[in-house]
Amino acid sequence: MVFIVRYVVRLKPKPVGDFLLCVGTAPGISASPSEENMRYFNVMILGPSQSPYEGGVFKLELFLPEEYPMAAPKVRFLTKIYHPNIDKLGRICLDILKDKWSPALQIRTVLLSIQALLSAPNPDDPLSENVAKHWKTNEAEAVETAKEWTQLYASGT
Amino acid sequence: MSFSFPSVPRNFRLLEELERGEKGIGDGTVSYGMDDGDDIYMRSWTGTIIGPHNSVHEGRIYQLKLFCDKDYPEKPPSVRFHSRVNMTCVNHETGVVEPKKFGILANWQREYTMEDILTQLKKEMAAPHNRKLVQPPEGTYF
Amino acid sequence: MDSEDDMHDANDDDYYYSSDTAVEYSDEDDGGDDDGDYGCDHIEDSDESNRQPNYIALKEADIRQHQENEITTLSTVLSVSRADASILLRHHRWSVINVHEVWYADEEGVRKAVGLLESPVVQFPNAQEPTCGICFESSPLDGISSAACGHPFCDECWRAYMSTSINGGPGCLMLRCPDPSCGAAIGQDMIDRLVSEEDKERYARYLVRSYIEDNPKTKWCPGPGCEYAVEFFVGNENCDVSCLCSHGFCWNCTEEAHRPVDCGTVAKWIMKNNAESENTDWLLANSKPCPKCKRPIEKNNGCMHMTCTYPCKFGFCWLCLGAWSDHGERTGGFYACNGYEAAKQEGVYDEAERRRERAKMSVERYTHYYERWATNHSSRQKAIADLHQMQTVNLKELSVKQSQPETKLEFVMKAWLQIVECRRVLKWTYAYGYYLPEPEHAKRQLFEYLQGEAEAGLERLHQCAEKDLQAYLGPEPPPTDFNDFRSKLAGLTSVTRTYFENLVRALENGLSDVDSQATAKIGQAGKGKGGGGYSDYHGSWTCDQCTYFNTISLPTCEMCLQPRHNA
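In order, the protein sequences belong to chains A, B and C.
In case it helps, this note's numbering puts the first sequence at residues 1 to 157.
In case it helps, this note's numbering puts the second sequence at residues 158 to 299.
In case it helps, this note's numbering puts the third sequence at residues 300 to 866.
Isolated chain A (complex conformation) (with noise of 0.2 Å):
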């Protein structure tokens, strides 16, 4: 799952820009844009190993607003995960994609964040109150309940 994808993207305030998504250097996650609209993005993450996810193929949607880059990226999951960050239509609670957002930030990083967001759950910022909940009390029935989903609808086609 390595590949380079080089992009042309009329950005604002530059007539024409080259635009580099750098996806190829990130292992486990590639980003290809779609064929109607150049600024949708169909995404794929691996599940990070030594984590629940691992060994599921999660799909991701992107879309790149018009004020982006200043504004961040849209992304929600579009495969069932049971995350206490994701909640059930796939809404991703991740600081940088909200008030944290910066326009040095790419495609890239915002994928890789996460990535290591599936890798490192954190239910103290919870979007899915209920799963957060079943996280704290215990950890270790949660974390099989997130194996068994990723059998369930992660497991590729």
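Worth double-checking, as some hints may not be accurate.
To be verified - Where chain C lies over chain A, by a calculated footprint (3+ residues, C-beta under 8 Å):
1. 62–71
2. 99–113
As the list claims (entries may be wrong) - Calculated cross-link-like contacts (lysine-lysine; reagent style DSBU-like; alpha-carbon spacing at most 35 Å):
3. B/Lys257 to B/Lys280
4. B/Lys180 to A/Lys136
5. A/Lys100 to C/Lys518
6. C/Lys358 to C/Lys612
7. C/Lys591 to C/Lys516
8. A/Lys100 to B/Lys227
Just so you know, these hints were derived from the structure itself, not from any lab.
A virtual CB, placed ideally from N, CA and C, is assigned to each residue, including glycine.
Following the hints, position chains B and C against chain A.
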């Protein structure tokens, strides 16, 4: 490839609408939310309209079902009343809002939203040809 | 409201001077700083000179000047640039003293917290055409800039970055280097060098706003269209201030000046008035006050984890308004927050229904007070217009007609200013009356008496300033000598002012002096004065919480279950 700015894809557009709905709209006389919180494709929605002043609908609460298919927002959602209502653009048997008789659906543009549909329907209720129609009893459903 | 005749036929001549009126006791308990004598020796307004205002109004130029001075002072003392001094002050509520303290205690810590670096963290690239960290294009060196940290970005990206932030609100004053790992502050000097004129101006305006809004000593005048600010010096209990624009407001709550009613009552009253208007419904639906700083927050994107804007930055849950930090165990979560769900169980329509019901029950009583409150409000607006007319037109005429220099006619203006002030006080006494606990008969009786007297006195003054004055403007020979008119109007002004000042004090004391004796004294007061009480509900009590009328025997409110006020 077009040089105009690519439009917001369906799912992110619906997420925007969902967030706007959660926030609450205008004076609160129209509202909507997702029917099935587990549906990752966000297809089924419930809308609510509180009947406008100066019409037979005043103070009544109408429930509607909206269905956003894969081709939303290129194509309009299908819209039908759940609460019984007597309006010229609504099928008397099924409660379906008939696109041919309702402008916003007939001349749909992708910028239109579910909020626009509900707001327009509320306006329609107060239109001269609708505001005095005899209504079925409150609390009955199609 | 009762007809005007009602007010005028009140005992016309004796009440200002009779020593057994109920207002007098309010003088005795305030420590005698006023001699409490209503006689005519107050005509010369000798007591005005010793009322030093405890505030000053600032025009925009004054504000900028104050701000510049503080920046200069700090920059000199700490030997830092003006831009850095400005950043330091912004982070410390514009208090030079505060910055001093923390700076000398822990300069390194302060520098880190606000993002003032002493040396770059990266070497500025010495390549011919370094690459911008945002758009990844290479630009010639003179098109690349960086903050004190040295992280290079091209000027175009800088401009977009700064512009986005400036258009996003006053948070731009805390702008940092775009590099996610870097906290270097961006100063005004750099902003000014890179952004458009329009953005520069916007930024400068935020800076001025910050000086007023973040500074505990200053506030904007909330007067309509007014751009002045007021600096307040603590040490006086009187919170009513008067701006240069002539708008009077309460320093505490920034509502219009509302003595004798306290801020809490005013807030309740205003909310009550608003609840009647659809406007509130919109606000209720669309914004919620930040649970910490109370500014209205509109949710415009993202999840339920809200962060209030700078400078508050409080993190909370949109649904239940609880702090996000303790959101974990206690509540049911992001999209299923328990507090919210529980409230929702009762149903939105349910709530609306209940409100409608409540309103119906108390609407009559409320309308009684509201109408009188609103009437006095519009009378006051009218008086302000008349005052203006007097100032600009009539005074000159009068000056010619009576061969008096305008300086000698000041007493007319004083009378009108007093009328405006009295209307304001009278207006608020109706909010006071609305919240006066129903079962306290003695107080209510006294209150209604005092209010009635106040109205009668004010009508007398108003009549003299309006109608009697006309006689000296018209073609007919005036009925009495102008000097007689002068002493009558000046006398009425002084007497009315004293009466109202005493009234304000008495009400602010919660009519604490009321006792059986006092009520006995004014026993005959109930009959037909202008002051309107609403006493048809003696068999009931009003809930403090929801204003529902309960049967006298109930210990808790039938509507909202609040225990009855400990009367």
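Practice prompt. Check each numbered hint from earlier against the structure, then list the numbers of those it violates in ascending order.
Written response: Result: no hint breaks.
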